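**Student:** Here is how the chains run, residue by residue.
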Amino acid sequence: MLTYTLRRLLIAIPTLLFISFVIFILLELAPGDPLADQPLTIPPEVREKMRAALGLDQPAYVRYLLWLKQFFWTEPLYLVDQAFGTEFTEQQNRIISWQFRSPAMDVIWQRLPQTLWVVGLAYLVGVIIALPIGIISAYRQYSWFDQIGTFVSMIGFSVPTFFTGVVLIIVFAVKLQWFPSIYDTTLRVTDWESFVKQVKQMIMPVTVLALFNASQISRFMRASMLDNLGQDYVRTARAKGMSERVVVLKHVLRNSLIPVVTVIALGIPTIFGGAIITEQVFKVNGLGQLLIVAIYANDLPMVQTLTFMFAFLTVMFNLIADVLYGVLDPRIRYD
Amino acid sequence: MPDGAVSVLDVKDLKTVFTTRGGEIHAVNSVSFDLKPGELLGVVGESGSGKSVTMMSLIGLLPSPPADVRDGRVLFGGEDLLKCTADHLREVRGADIGFIFQDPMTSLNPVFTVGYQIMEPLRKHMGMDKTAARRRAKELLELVGIPDAERRLRDYPHQFSGGMRQRVMIAIALACDPKVLIADEPTTALDVTIQAQILELVRDLRQKLGMAIVWITHDLGVIAGIADRVIVMYGGQIVEQAPVKELFANPRHPYTRALLKTVPHVRGGREAKLNVIEGQPPILTAPPAACSFRKRCGYAFDRCERSNPTRYSVGPGHDAACFWDFDKGAPRDV
Amino acid sequence: MFDAATAGQKKLVEVAGLKMYFPITAGIFRRHVGDVKAVDNVSFDIYEGETLGLVGESGCGKSTCGRVILRLYDPTAGSIRIDGVEIGKSTQSDLRKMRPTMQMVFQDPQASLNPRMTVAAIIGEPLDEHSKLTKGEKLDRIYELMDAVGLNRNFANRYPHEFSGGQRQRIGIARALALNPKFIVCDEPIAALDVSIQAQVVNLLEQLQDQFGLTYLFISHDLSMVRHIADRVAVMYLGRIAELAPREALYDKPMHPYTQALLSAVPEPDPNIETERRRIILTGDVPSPANPPKGCNFCTRCPKVMGICRQIEPEFREVEPNRHVACHLYNDTNETAGQTATSEVQEHPTRRTT
Amino acid sequence: MTELSAQKVDKALKPPRNQWWDVWDQFKTHKGALVGLFIFVAILLSVTIGPWVWSIDPTYVDIRARNQGPSAAHPFGTDQLGRDLLARLMAGGKVSIAVGMTAMLLALFLGTLIGVVAGFFKRVEGLLMSTTDLFLSLPLLPLLLLMVTLFREPLSQRFGPETGIFFLIVFAIGVTSWMHTARIVRGEVLALKEREFVLAARSIGTPSRRMVLRHILPNVMSPIMVSATLGIANAIITESALSFLGLGFPPDFPTWGRILFDAVDQMQLYPIRVILPGVAISLTVLSVNYIGDGLRDALDPRIRGR
Amino acid sequence: ERGADGQVNIIYWQAPSILNPYLSSGTKDIESASLVIEPLGRYDEKGNLVPYLAAEIPTLDNGGVSEDLTTVTWKLKEGLVWSDGSPVTSADVVFTAEYCMHPEGGCAQLAKFAGVDKVEAIDDLTVKVTFSEPKPNPYGPFMGGQSPIIQKAQFENCLGAKAPECTDANFGPIGTGPFSVVEFKPNDVIQMEANPNYRDPDKPAFATLTFKGGGDAAAAGRAVLETGEFDYAWNLQLAPDVLAGMAAAGKGQAISAFGTLVERIEMNMTDPSPDLPEGERATAKHPHPILSDLNVRKALSMAIDRELLVEIGYGQAGRPTCNLVPAPELYASDNTDCLTQDIEGAKALLDEAGWVPGADGVREKDGMRLKLLYQTSTNAVRQDFQALIKQWWSEIGVETELKNIDASVFFGGDPGSPDTFQKFYSDVEMYANNFDGTDPEPYLAQLACDKAPRPETQWQGENINRYCDPEYDALLAELAKTGELEKRGEIAKKLNEMLTKDSYTIVPLVDRGRVSAHSNTLGGVVLNTWDSELWNAADWFRIK
Ligand SMILES: Nc1ncnc2c1ncn2[C@@H]1O[C@H](COP(=O)(O)OP(=O)(O)OP(=O)(O)O)[C@@H](O)[C@H]1O
Ligand SMILES: Nc1ncnc2c1ncn2[C@@H]1O[C@H](COP(=O)(O)OP(=O)(O)OP(=O)(O)O)[C@@H](O)[C@H]1O
Ligand SMILES: [Mg+2]
Ligand SMILES: [Mg+2]
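Residue numbers (the working numbering), protein chains in the order written: chain A, 5 to 339; chain B, 15 to 348; chain C, 10 to 363; chain D, 3 to 308; chain E, 1073 to 1616.
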């Protein structure tokens, strides 16, 4: 298992390098300009100067290599500096965002908490409600519960979040005034009151996202449960006199979870990709908003860094999902 | 064989029907038999004749829907298993009636250790704690002849060979000292040499533990080796029932006769051409109104088309459901 | 039906020194660390028109052997000649031309038929691949084949799941027959079938053999069936052939201890014999082909094991006319056996100790 | 047996019934699918035939009649420029369904192709799966922007602004949404490859290409069906996001996604304007889903036989 | 009393990314920074100059501006301190100029310093700015939100290429404004508190301020007008009825004010046909086959009902206009010719120009159809305008193809992209533009012949239409030399009319005001379009 993991990690290195290169080329070729949102009144010479100040006068390959160095060398060193108070990065430039004129990584770290709180929690909640729904739908296949589950999850797929989000805001923020319509990222949870506030402001974005996630994962759960409910070992468990609870929640569930867990693991990187639309609707300003704003502003270093981190997570969670499969399923032993 | 003793299991008029999209399937039709203490009852019949469904109906193992046990009575320990509560049925399963399934490869849960799976019924039915259950599990594994039992308890099913998995299944079935053991084709998936090992094991265990066994198979050779009494099933019905020697010596149902003739032997003379039973097994979309074997039967006559024969006694402990009387070589006059 | 192969007959299939190893890889760089020796140095011939039975326990390499002979796998070593043509090394396109002469019937009639194709399409597939018949001619040929295997022509548009096991196996046989092959590998064609149906299929196979002069490699673990259908029988154990002999001789007087054990384990459908019979009960399980025991590969379970068995691999020799056995019991001169052993033995480290 | 077949020879020779009839027979027994089909056909008819019956030009601006509620002249009312909502919904539906269908087909084609090739041919598996990872992690928006910049003009010139952009959008959506299908199909193919009937086909000498077409593809139909139903929903929604970003159709060209998006701000004032396109999208997706369910069953001869 | 009114919340649906206007000229950045750092003087809501850090506005009259118009002398108020307590001196002002004019700095406000020769400190409180040539309008540097004074001590090490590295300074400049930064989260939120050293001891009334960014205009409006979570929302570009609907909730009100922002249609004077070789397409070499004809341009303008456009798109935040320079009064022409739609007149003009209706109603001339490609950036109101105008144009027999382009591409200026507004690869395009401060000279100078974007200039340049009239250029030169305001006004009006009324090169549509909203409990808000909207945040208070 260890060698398998190591081998996969080794393969991942060239893959990731290649991906970073493709992302770079793509961003390079895509139209757009970091100065687009500057007023039209700025004369061209000034624009030229501003452009040079961003490093845009360098040829593309130099910028790519620079980024590689910054991402794989300077940034990790900087972390070391932070941790041990050393000063390796004193003389080296970190990846600087064009919009903020500040290290891109710092902003990313800053965004991480709210992203995890909202998108991550929504994923978690989605999983938590999806599993029982999937289990019951499968156990009572074709019951009304199952039928409604299918119906609702299809609706969940087909209605865009920019719509459901606004509906929630209008109902719960405008009409009922239960929850705030705007997420306060500066809120620090220190006591009960601030905790209640935090919960209140998370409810709507989490609901919107969780419903979307749940409708997807519950489908997987259902399919997997159905597969396993028909297996011979279920009959064995019943023949041993085990109660239905034990049979379903222990024997069947344990087996059904194996593929579902990997599906869930594969979905985790999307948390870090943020939820662009939902974040926008509720003003959560997480990583998704960071990415989309950076794209609009043509902040290439930021987009490149964010996208690459996302690619990195995607590749890693692919690996994790595979390894997890091996861990959960005793039948599979890599190598 | 303790003849005449009171039966541990008495089945009367069992009827099981499956409801499918294509209509009903009457898989078991008025099956009655009994099982005496310490006896090994062999059940033979071709695939789809309802052997497994019958046995699973007894202890409510069939998924419902589609299965529906329509009728009948299963007396076990003075109680009708078809009418008792679900909880009581669960008590009986595993504790009083052990079940071994055909396919050892898929019948064990792949994600739990063998030890866990053996201990599960022990803890549930015998109220043992973990250590006691583990000790007992180890004993059981040793009993079924798995060396190094202590260590193997921690292994997962896929780490066992087919023969060993089947032994594990047997260990699970035996865990709570059941009064009745139902073995549904326990050796069909195994090699002959491994089958021989298992058969040896079962003989051994029977001597030691003395429980009553129902042994389903379609291998007449196996039946001949271990059974005391045999019932032959065809089309969801019992067509013949007899002590084992009597059955092989004097089969009284055309199907049994044909079946005995089709099998080739490793010893003795070799037929130039194998005998076959032509035709297809019946499709059980309705309860039988006529003899279900008539289409493939060499002795069939008009009466077979009209009504379904009941089981006529043809000798001591021997009955057959056929209108043809082989002793007389003429239709039975009842 | 011939009872034994006569020397004068033509050899249709000649297999010599056939090895099929599945590599085991491990480590970060997927280094090759060992092999599953599924078929290990197997040699035999099959004469035209005869049936060679191949028996043995599950996992001993019977299927692999059958498949490698048809080049569904690429053999690790050894030569395969079919109808005089060496196919051990030929390319897939050359093989494609050879396919009509050699065909296969599979163990699981359900699994070997594509559930989404009609019977006509399944039987017609080889015709599509290898002939240029028009649609009508093809249909005629399909009907003809269905007749030959005893399938109702009306079933042509049905799907495999609508048939019973025996009928499905007939479909598989019809497919194998479509191109008028000379040689058919039957890989446990009856193992998945009901007793009463087994007989039907075996009878059909025999009848077709008579009709078309077919040659079979009949793989099975049902010794009684093999006895019925095969002219000669090879007994395989752990990738090697333990004994190869004409049917009668083998069943009357098995020589290899494994054959003896195997035969004694077959239950007889006769309670009188059964209760009296003394069986040889083997202990233990079949060792893993990835890691076979040293010396004779049966030594771990053999009731007659001797010291030498754990050291030297017995040679596969003709001990009586037409009877080949690989067992030290029948080696009068162990020393010479070691000397004349194949190169395989010479590579063996134990060689030095003798 | 033999006499049985002999007596039925003539009957058997009658040309075999087209198997699509069997598929239809089975399909009919699936109630959900039948309702789905009915609704879907109704939607299709209303977006294709509808404009003939209700012949108001969906882009006709009647500024005096803006923001009207339902009336005889405008059964669904009008939008902020006085364009007839019914006409816009029908015109928008035509585009949305066409985009949804074709983009989904393209994504399916790509996903299936890559999945099958990766699963079937071990040599290219690593490469193709890395490509899949790559596409999964690429930022969608810059990619779309790039494609639009590179191809919008040549395409609109060649095929006219609407058809050109139709191709572009279909291509853009298709090319960025095949990855999940590819993964699922590959997994399925890996399992199928080990099935005995594939070996059987090889023993016949079927070359790989036909092996894939004849044996692999039909057996991966059901996961593909599932992807297909989700794919349509995805494509319709993505199209709306694209028009929102200015990458889509010309701005006066209605699509469901766009009608919905434009109306979200005015949801409180004119709820009907969000409800109608929302319901239209959901109905389409739902009906396609149920059709997919039914078709999956109907295409599987094992289920069909029951 | 300072800090008595607690917390105030402001929402900008575009989030500020930096608090240094010299590194970013985005409105969101400039306006958020204006709460913290201040210039010497600002424009008030009427466009008048008011001193902030300066004691008074230097003019010719008070001798602050030299007679030859080449120097300005600013005097700082006495006793000014930064929020960290240190005194504000002329050195800070000089440093600010140095900072922005550094050749490697890439200063976004360099244009403000155009023509500045040197900036020197006369004494601790006096600064003299010298221009290399006479500057009739010397209020570029240090005036308005775009060029506030930054603290030398803080930015000393951030000159030139190092400017972007000073994250702490850029995210939390020390200033003289009513508030100082507590925490800055780029593109998200800024926390501020009252500046303890603010020069007016009673202000600001609020102790803390939250400046939130992100979302869209509708959400921002909702947060102020409907849920009351926020006190002030910036730039609510919403459909009038939507805005009215929100205001009906009674939590706040929308306010509007007008500046110089004009939504207009630009006519392409060159041929954008893709059949032309790259490098010649949309250049002066090939005049536009249709739009070169004044009558066509005029007809297109006449067909438009500007009143209706305003009603649909802007409501109280817009008014129809025929002028490129709609304000200040001094420079604004009184031309109102275009305000009445005249379809028949337009038809007649086209007939006269030889464009006759073809079979399908689209006019033709010499086998050429009167078909135009009309592009703009993606924006709901602009798309509505497109639809409406297309409709009107179709009524006069002009076929229109619409195209919308993502704003970041359209305004991106990427020479590689075919979709930028500068390349103008379409026949007409629509966008809005304005000018800084109150003087339109640089703005009008954009239409000079040599400012046309073309391949040689990497498609940079502000003369989007490629308008070229020697007379116009001559008049521009005259304007540059004129210092007298009345005279300047006249010349500017003339220039404006040459572009609009006379040539219809630029077809102004709507004078767009700013709409913002504040809650009913927020007092003291005065909407100002000539400077930062938050220019008087120090005066804001809570209505009890
Ligand atoms: N779940 C089910 N749904 C519908 N029919 C079923 C089901 N299970 C069994 N049957 C039908 O019941 C009949 C009896 O099946 P059963 O499994 O008892 O046969 P068997 O004698 O055990 O055969 P085998 O030797 O193959 O195990 C068969 O005709 C079968 O088709
Ligand atoms: N593709 C493969 N890769 C690796 N090992 C294989 C492969 N195919 C077969 N083997 C191994 O080769 C050995 C022989 O397998 P084979 O299928 O030939 O046995 P068999 O005699 O046909 O058994 P059975 O009676 O169960 O069909 C087994 O140990 C099996 O695990
Ligand atoms: Mg059974
Ligand atoms: Mg095999």
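These aren't lab readings, by the way, just hints derived from the structure by calculation. Remember, predicted model here, so these are calculated numbers, not experimental data. The reader is advised that the hints may include incorrect statements.
Calculated cross-link-like contacts (lysine-lysine; reagent style BS3-like; alpha-carbon spacing at most 30 Å) [what the hints assert, rightly or not]:
| # | chain 1 | residue 1 | chain 2 | residue 2 |
| --- | --- | --- | --- | --- |
| 1 | A | Lys-53 | E | Lys-1616 |
| 2 | C | Lys-28 | B | Lys-287 |
| 3 | C | Lys-28 | D | Lys-195 |
| 4 | A | Lys-204 | E | Lys-1257 |
| 5 | D | Lys-195 | C | Lys-147 |
| 6 | A | Lys-53 | E | Lys-1257 |
| 7 | E | Lys-1523 | A | Lys-201 |
| 8 | E | Lys-1190 | A | Lys-53 |
| 9 | C | Lys-141 | D | Lys-30 |
| 10 | C | Lys-106 | D | Lys-33 |
| 11 | E | Lys-1224 | A | Lys-53 |
| 12 | C | Lys-28 | D | Lys-124 |
| 13 | C | Lys-98 | D | Lys-124 |
| 14 | C | Lys-20 | B | Lys-287 |
Label-pair restraints from in silico Cβ distances [to be verified]:
| # | chain 1 | residue 1 | chain 2 | residue 2 | range |
| --- | --- | --- | --- | --- | --- |
| 15 | B | Arg-149 | A | Ser-147 | 39 to 47 Å |
| 16 | C | Glu-329 | B | Gly-282 | 17 to 25 Å |
| 17 | E | Gly-1433 | D | Leu-46 | 28 to 36 Å |
| 18 | D | Leu-46 | A | Gln-202 | 44 to 52 Å |
| 19 | D | Pro-156 | A | Leu-83 | 41 to 49 Å |
| 20 | C | Ala-299 | D | Pro-156 | 55 to 63 Å |
| 21 | E | Leu-1348 | D | Leu-36 | 34 to 42 Å |
| 22 | C | Ala-25 | B | Glu-156 | 44 to 52 Å |
| 23 | B | Asp-162 | A | Leu-69 | 55 to 63 Å |
| 24 | D | Leu-36 | E | Ala-1431 | 47 to 55 Å |
The C-beta atom is built at its ideal place from N, Cα and C for all residues, glycine as well.
**Student:** Decide, hint by hint, whether the structure agrees.
**Tutor:** Hints, verified against the model:
1. Restraint check for Lys-53/A and Lys-1616/E: not satisfied, since their Cα atoms lie roughly 50 Å apart, outside the 30 Å limit.
2. Taking the CA atoms of Lys-28/C and Lys-287/B, the gap is about 36 Å. The hint is violated against a cut of 30 Å.
3. Between Lys-28/C and Lys-195/D the alpha-carbon distance is near 24 Å, which keeps this suggested pair within the 30 Å criterion.
4. Between the alpha carbons of Lys-204/A and Lys-1257/E the distance comes to roughly 22 Å, so the proposed pair stays at or under 30 Å and holds.
5. Among the hinted pairs, Lys-195/D with Lys-147/C is consistent with the structure: their alpha-carbon atoms are about 28 Å apart, no more than 30 Å.
6. Taking the CA atoms of Lys-53/A and Lys-1257/E, the gap is about 27 Å. The hint holds against a cut of 30 Å.
7. Taking the CA atoms of Lys-1523/E and Lys-201/A, the gap is near 56 Å; set against the 30 Å cutoff, the hint is violated.
8. The hinted pair formed by Lys-1190/E and Lys-53/A meets the criterion: a straight-line CA distance of about 20 Å does not exceed 30 Å.
9. Straight-line distance between C-alpha atoms of Lys-141/C and Lys-30/D comes to about 38 Å, which puts the hinted pair past the 30 Å bound.
10. With a C-alpha separation of about 50 Å, the suggested pairing of Lys-106/C with Lys-33/D is violated against the 30 Å cut-off.
11. About 23 Å separates the Cα atoms of Lys-1224/E and Lys-53/A, which keeps this hinted pair within 30 Å; it holds.
12. For the proposed pair Lys-28/C and Lys-124/D, the alpha carbon gap of about 23 Å is at most 30 Å, so the pair holds.
13. A distance of roughly 21 Å separates the Cα atoms of Lys-98/C and Lys-124/D; the hinted pair therefore holds under the 30 Å criterion.
14. Simply put, Lys-20/C and Lys-287/B have alpha-carbon atoms about 26 Å apart, close enough for the 30 Å limit, and the pair holds.
15. Distance hint for Arg-149/B and Ser-147/A: a CB-CB separation of about 44 Å, consistent with the stated range 39 to 47 Å.
16. Checked against the hint of 17 to 25 Å, the pair Glu-329/C and Gly-282/B passes, with Cβ atoms roughly 23 Å apart.
17. At roughly 32 Å, the beta-carbon separation of Gly-1433/E and Leu-46/D lies within the given 28 to 36 Å, and the hint holds.
18. For Leu-46/D and Gln-202/A, the hinted distance range of 44 to 52 Å is satisfied, since their beta carbons lie about 48 Å from each other.
19. The hinted window of 41 to 49 Å between Pro-156/D and Leu-83/A holds, with their beta carbons roughly 47 Å apart.
20. Taking 55 to 63 Å as the suggested C-beta distance range, the pair Ala-299/C and Pro-156/D conforms, at roughly 59 Å.
21. Take Leu-1348/E and Leu-36/D: their Cβ atoms lie about 58 Å apart, and the range 34 to 42 Å is violated.
22. A beta carbon spacing of about 47 Å between Ala-25/C and Glu-156/B agrees with the range 44 to 52 Å that was offered as a hint.
23. Hint check: Asp-162/B to Leu-69/A, Cβ distance near 60 Å, so the stated range 55 to 63 Å holds.
24. Between Leu-36/D and Ala-1431/E the beta carbons are some 48 Å apart, a value that agrees with the proposed interval 47 to 55 Å.
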